[in-house]
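Undergrad: Going by the working numbering, the sequence shown opens with residue 81, and the numbers climb by one from there.
In case anyone wonders, no lab produced these hints; they're calculated from the structure.
Among the clues, some could well be false.
[As the list claims (entries may be wrong)] With beta-carbon atoms standing in for the labels, derived distance ranges:
| id | residue 1 | residue 2 | range |
| --- | --- | --- | --- |
| 1 | S264 | C232 | 23 to 31 Å |
| 2 | D245 | G167 | 17 to 25 Å |
| 3 | Q378 | T278 | 37 to 45 Å |
| 4 | S293 | D345 | 18 to 26 Å |
| 5 | R114 | E297 | 30 to 38 Å |
For every residue, glycine included, the Cβ atom is placed at its ideal position computed from N, Cα and C.
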Amino acid sequence: MKIIFAGTPHFAASALEALLKEHQILAVLTQPDRPSGRGMQLAASPVKLLAQQHAIPVLQPASLKNAEAQKELIALNADVMVVAAYGLILPKEVLQIPRLGCLNIHASLLPRWRGAAPIQRAILAGDTESGITIMQMDEGLDTGNMLLKKTCAITADETAQTLHDKLASMGAQAIAEVLHKIESGESQSEQQEGAFATYAAKLSKSEAQLDWSDTAEQLDREVRGYFPFPVAFTRMRSVQIKILRAHVLDKQLVASPSGTIISMDKKNIQVACGQGVLALETMQKPGGKPLPVAQFIQGFPLKVGDCFGTD
81 MKIIFAGTPH FAASALEALL KEHQILAVLT QPDRPSGRGM QLAASPVKLL
131 AQQHAIPVLQ PASLKNAEAQ KELIALNADV MVVAAYGLIL PKEVLQIPRL
181 GCLNIHASLL PRWRGAAPIQ RAILAGDTES GITIMQMDEG LDTGNMLLKK
231 TCAITADETA QTLHDKLASM GAQAIAEVLH KIESGESQSE QQEGAFATYA
281 AKLSKSEAQL DWSDTAEQLD REVRGYFPFP VAFTRMRSVQ IKILRAHVLD
331 KQLVASPSGT IISMDKKNIQ VACGQGVLAL ETMQKPGGKP LPVAQFIQGF
381 PLKVGDCFGT D
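Starting from the given sequences, assemble the full structure and let the hints guide the process.
TA: Quick look at the structure:
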């Protein structure tokens, strides 16, 4: 099958790698190079780097709304466009260009978690399962008919990173399966039930600040859901401290005030929450590296009775 592939991050690169084995990739659409790293040098996306390794033409328009970009796509005469975490809106004119339309690899069990951050929102909400949906794209936000759904469990220690990696692999398998069904004439679609839709809003750095009046279970979800971006954080002595790894030590204990360190040892720092106790395991101060708590407190002394979330 002749395919235009549209995607940008590692999640999309996994799918592109799978499709390269069995299909003809006519061109790759990916976001323009962005400044990255401490030097803020322009960096190519993972999808672009993979395409270049296989000598596939790369298109990086800032928008797909202009006629020139659309003419380039029309000239490719593709059977289908496969889209995975591309990052640009596909206007109606583009959706209609490939003979079989555009298929999206979405990292949730639609209609739950339509939108930009389905992986993180599922963890933050305490969902016990997630998955991949292959969807025929329409003009709505992740509203198109579903061609395939695959489910996976969200484990108690799942982070956004580990769930991302699971779903990236599943997405690659799922899109290959759907394309086989389309080629054999066995593909069937199912409408989404809009009444069950939820929206996965884009992540912001500010929302990752921990509110210690929340339950330990909720705070644990936030530490896991915001890793590796934007990373949960708290404040102490006017310093922003990132919390990269933690676990619930107690679900019921109520101590006052919330955010207070109630115990410490070499493995963790135990913090009172609105309900329960959260044990901090890995922390990071500005300009420093992520460190186990035993090493962290050597450079940032803490003691029982100190209270996070205050300056």
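Undergrad: Each of the hints needs a verdict: does it hold here or not?
TA: Hints versus structure:
1. Between S264 and C232 the Cβ separation comes to about 26 Å, which falls inside the hinted range of 23 to 31 Å.
2. Range check, D245 to G167: Cβ separation about 19 Å, and the 17 to 25 Å hint holds.
3. Between Q378 and T278 the CB atoms are about 43 Å apart, so this pair conforms to the stated range of 37 to 45 Å.
4. Taken as a hint, the range 18 to 26 Å holds for the pair S293 and D345, whose Cβ atoms sit roughly 25 Å apart.
5. Our hint of 30 to 38 Å for R114 and E297 holds, since their Cβ atoms are close to 36 Å apart.
Consistency with the previously given hints is maintained throughout, with no hint failing.
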